[in-house]
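Trainee: Sequence:
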Amino acid sequence: MFSLPNNATIIEVGPRDGLQNEKNLIETNEKLKFIKCLQDAGITEMELTSFVSPKWVPQMADAENIVKNTAKVGRQFVLAPNATGVERAMENGADAIAVFVGVSHTFNKKNINKNTDEAMDSLAPVVAKLKEQGKFVRACISTAFYCPYEGKIEVKDTISLCKVFASWGVDELSVADTIGMANPVESYTLFKLLKEELPNLLLTAHFHDTRKMALANIYAALQAGVDRFDTSAGGLGGCPFAKGATGNVATEDVVHMLESIGVHTGIDVEKICEAAKIVEPLISGTIDSGQFRLFKQK
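The C-terminal residue of the sequence shown carries number 298 in full-length UniProt numbering, and the numbering is unbroken.
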């Protein structure tokens, strides 16, 4: 019989990954209410915002205001895709920085106009500078399982990229099923190998729920030894470069599953649903997670 961890850490990505590609522009004060409610639910690690060009991602144009007006609770990440973004993030007092790159060359070309090797060459000095200044660095590995352009990604390629980041001294790897195509066998296989290859590095699993496989994939990752998971309140999010890719797995559904099997998170499901209720009228889509549906029926 396999053993499960007694505790798991939830990294809430709704305010950043969940809202970044939302078509409706959401007012800063509404985002701050959303973040406050998530903190009240027990969230202690969260992606707050992204320091990207407002020209390309207008939803994140208020990054400075979000960072400055959010109460400091636990570890708060901001995404910074390049040296300019990192400078802006540090100028605004960010202590934990997330950088990203896809395993897939084509995905990177479509996303940042660089192939994987070029993207890593650009990131190397950025990460080195962050580590010199004592910042917590989270490396987000996109298309770790499948790419919308190249199809299935070889496990060895994902592990190889993760090892490069590890050699740079990053503090955490967030390994993502960006378009929600992975299955539980693939989840277990990759994360088991990563735990064996990089035992001393924080390892986080990031699943999208395109094919309603995210909870099964999380359970498989638990069996492989992973105890950190990226989730998004209300299942907000999506990938603009992957047709049909839906949002991140819903925080409330993940917390419910984990707590029901004895893996404690310290997070209140009802309060997560209250947070999702704040943004539901503001987004272009609908929230349809299992726990949120039950919450609205009360």
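In case anyone wonders, no lab produced these hints; they're calculated from the structure.
Computed from a predicted model, the values in this text were never measured in an experiment.
Just so it is clear, CB atoms sit at the ideal spot from N, CA and C, and this is done for glycine as well.
You may find that some hints are simply not true.
Each computed DSS-like pair below joins lysine-lysine, with the alpha-carbon atoms no more than 27 Å apart [stated by the list, open to error]:
no., residue 1, residue 2
1, Lys271, Lys212
2, Lys195, Lys36
3, Lys23, Lys131
4, Lys152, Lys114
5, Lys152, Lys131
6, Lys109, Lys68
7, Lys72, Lys156
Computed Cβ-Cβ distance ranges for the label pairs, DEER-style [as the list claims (entries may be wrong)]:
no., residue 1, residue 2, range
8, Glu87, Asn6, 33 to 43 Å
9, Asp288, Ala128, 20 to 30 Å
10, Leu282, Asp40, 17 to 27 Å
11, Glu87, Glu259, 33 to 43 Å
12, Asn6, Asp40, 19 to 29 Å
13, Ser53, Asn24, 30 to 40 Å
14, Thr28, Gly266, 25 to 35 Å
15, Ala124, Glu154, 16 to 26 Å
16, Thr28, Thr84, 29 to 39 Å
Trainee: Return the numbers of the hints above that this structure violates; sort them in rising order.
Mentor: Hints 2, 3, 5, 6, 7, 9, 13, 16 not satisfied by this model.
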